[in-house]
Amino acid sequence: MIEQRQLLNQKDIQITIERLCQQLIENHGDFKNTVIVGVQPRGTFLSNRIIGKLKQLLNTTDVESGSLDISFYRDDLRRRDEPIVPEVMDMNLSLEGKDVVLIDDVLFTGRSIRSAIDALMAFGRPKSVELLTLIDRRFSRDLPIQPNYVGRTIDAIDSERVIVEWKEVNGKDRILMVKSD
Amino acid sequence: MSNLSVDHLLGIKYLIKSDIDLIFKTADNFKKIINQPIKKVPSLRDVTIANLFFENSTRTKLSFELAEKRLSADVINFASASSSVTKGETLLDTVNNILAMKVDIVVIRHPNPGASVFLSRNIDAKIVNAGDGTHEHPTQALLDAYSIREKYGEVVGKKIVIVGDILHSRVALSNIYCLQKLGAEVKVCGPSSLMPKHLHALGVTHFSDLKEALVWCDVANVLRIQLERQDVNYFPSLREYAMVYGVNKEMLDSLEKEITIMHPGPINRGVELSSDVADSKHAIILDQVENGVAIRMAVLYLLAGKIKN
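Quick mapping for you: the protein sequence lines, in order, are chains A and B. Position in the first sequence (first residue = 1) + 9 = our numbering. Position in the second sequence (first residue = 1) + 1451 = our numbering.
Honestly, the hints are just simulated from the structure, not real lab data. Just to be clear, a hint being listed does not mean it is correct.
Residues of chain A clear of chain B, computed beta-carbon distances all greater than 10 Å [claimed, not checked]:
1. Gln-15
2. Asn-18
3. His-37
4. Gly-38
5. Lys-64
6. Glu-96
7. Met-98
8. Pro-135
9. Val-138
10. Tyr-158
11. Ser-168
12. Ile-172
13. Leu-185
14. Met-186
Calculated cross-link-like contacts (lysine to any residue; reagent style SDA-like; alpha-carbon spacing at most 20 Å) [said to hold, decoys possible]:
15. B:Lys-1482 to A:Asn-18
16. B:Lys-1491 to A:Asn-18
17. B:Lys-1483 to A:Ile-172
18. B:Lys-1520 to A:Ala-131
19. B:Lys-1476 to A:Glu-91
20. B:Lys-1520 to B:Ala-1530
21. A:Lys-20 to A:Ile-172
22. B:Lys-1468 to A:Asp-99
23. B:Lys-1476 to A:Asp-99
24. B:Lys-1468 to B:Ser-1659
25. A:Lys-181 to A:Asn-18
26. B:Lys-1757 to A:Arg-83
Where a beta carbon is used, it is the ideal one built from N, C-alpha and C, also for glycine.
Just chain A, with the same shape it has in the complex (with noise of 0.2 Å):
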């Protein structure tokens, strides 16, 4: 059986995205040290919706951003049945001496984002790396991994599933508890 449990809307999601652009402003100021690091693939929602946010906010046209792709710096690859295939990495800056704002969705065990600090330093040694994410998973990490901002957290079991769903894919913004027995 299967059970659903609607965490946030479409409006909490909107007012959350807004509080996680005030706490970056606060901490970056105009943004021009500062560049945006969406990780592919699903991080890459939350962050084009962050920086068309800031670009209201701090009314400019110009916060640098990238999508990361993270497969090949994974440490599961010989470790599951289907292979990890690749996503669109868009990474034309340097990261050399920047501020990186790293996000993702759903920050569950942290190797994600291992891989993803891996990856970034192929650019470059950023200033500063700070993670941003729309769920914190808390009691349910393998690394020593922790969020400079943080969405909503959460307390989940093993058996649970955090699934957030944008208007882009799923035709409506909202974020899913869904447990299967």
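Since chain A is already given, all that's left is putting chain B on it; use the hints.
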């Protein structure tokens, strides 16, 4: 499009179209990686690859080795000229000895057709055929088709003529399989003494006139005359071959459209290609070399994903 349908890359013949599409899609990413400031990824850091070259090679060997190193694999190299093969060891014994050193993937080039198929049946490692005699050279065909796709956006519907020594060419056979699977139209051109007997069985027709072939095609893949594989004289002289089947600048200028010239290397300048063609904007020979690394990274990466711990 989720996984390769094969466990080894023995030839294009054994692949299905979705395998080729998956390799191309993966290669797109690796091409970006090899143009990054840091060109190395850690994907295969717990994988050991043996390059067994029982036949001379410069480009393919370097390309494979670079691909392996860019994927962070551990690499061991073997060249038959400096090995115990000259002392009378069999292929299977040589390879089993190397495998006892815990090798996961074997890249093999061998003068005998079918050597890689034989190995895949007898040893427990993923095999990549880097050219087996006159049989197949799958990574070359993949990178050729990939270069055509890069230049034109797609391969389907394109007209490709392969010029030269089709009889002795593993590149030609792999190219024919690969391009046909991707929906291109393939014809060959060259002296009839260098055409295989059962060409029609591959669904390929033959031009004996080079000009006619060039007028027909979008892309001409020009092959080297493989003198080392020719046991008898198939044509009177290289000079005569160059006069009748050598592609030169005037010939290309006289065409109404612009065609692309490819060559798997090494080029014999002045024989199958004149120097001014090899260095012209028509030629994408160096793009082929760059794409070769990306394609080989993709193949090794996808096969490594099938190794179970």
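Verification of the supplied hints:
1. Gln-15: Given that every Cβ of chain B is farther than 10 Å from that of A:Gln-15, nearest at about 30 Å, it holds.
2. Asn-18: It holds; A:Asn-18 is separated from chain B by about 33 Å at its closest Cβ, greater than 10 Å.
3. His-37: It holds; A:His-37 is separated from chain B by about 24 Å at its closest Cβ, greater than 10 Å.
4. Gly-38: holds (27 Å)
5. Lys-64: Consistent with the label, A:Lys-64 stays out of reach of chain B, its closest Cβ about 26 Å off (over 10 Å).
6. Glu-96: At roughly 8 Å from the nearest Cβ of chain B, A:Glu-96 sits no farther out than 10 Å, so the non-interface label is violated.
7. Met-98: violated (5 Å)
8. Pro-135: holds (13 Å)
9. Val-138: holds (16 Å)
10. Tyr-158: holds (27 Å)
11. Ser-168: holds (25 Å)
12. Ile-172: holds (21 Å)
13. Leu-185: holds (25 Å)
14. Met-186: holds (27 Å)
15. B:Lys-1482 to A:Asn-18: Violated, because 40 Å separates the two Cα atoms, which is more than 20 Å.
16. B:Lys-1491 to A:Asn-18: Violated - the C-alpha atoms of A:Asn-18 and B:Lys-1491 are around 41 Å apart, more than 20 Å.
17. B:Lys-1483 to A:Ile-172: Not satisfied, since the Cα-Cα distance of roughly 30 Å exceeds 20 Å.
18. B:Lys-1520 to A:Ala-131: holds (15 Å)
19. B:Lys-1476 to A:Glu-91: Cα-Cα ~16 Å, so holds.
20. B:Lys-1520 to B:Ala-1530: holds (18 Å)
21. A:Lys-20 to A:Ile-172: holds (17 Å)
22. B:Lys-1468 to A:Asp-99: violated (27 Å)
23. B:Lys-1476 to A:Asp-99: holds (15 Å)
24. B:Lys-1468 to B:Ser-1659: Given pair B:Lys-1468, B:Ser-1659 is violated - Cα atoms ~30 Å apart, limit 20 Å.
25. A:Lys-181 to A:Asn-18: Judged against 20 Å, a Cα distance of about 9 Å means the pair holds.
26. B:Lys-1757 to A:Arg-83: Status holds; Cα separation ~15 Å.
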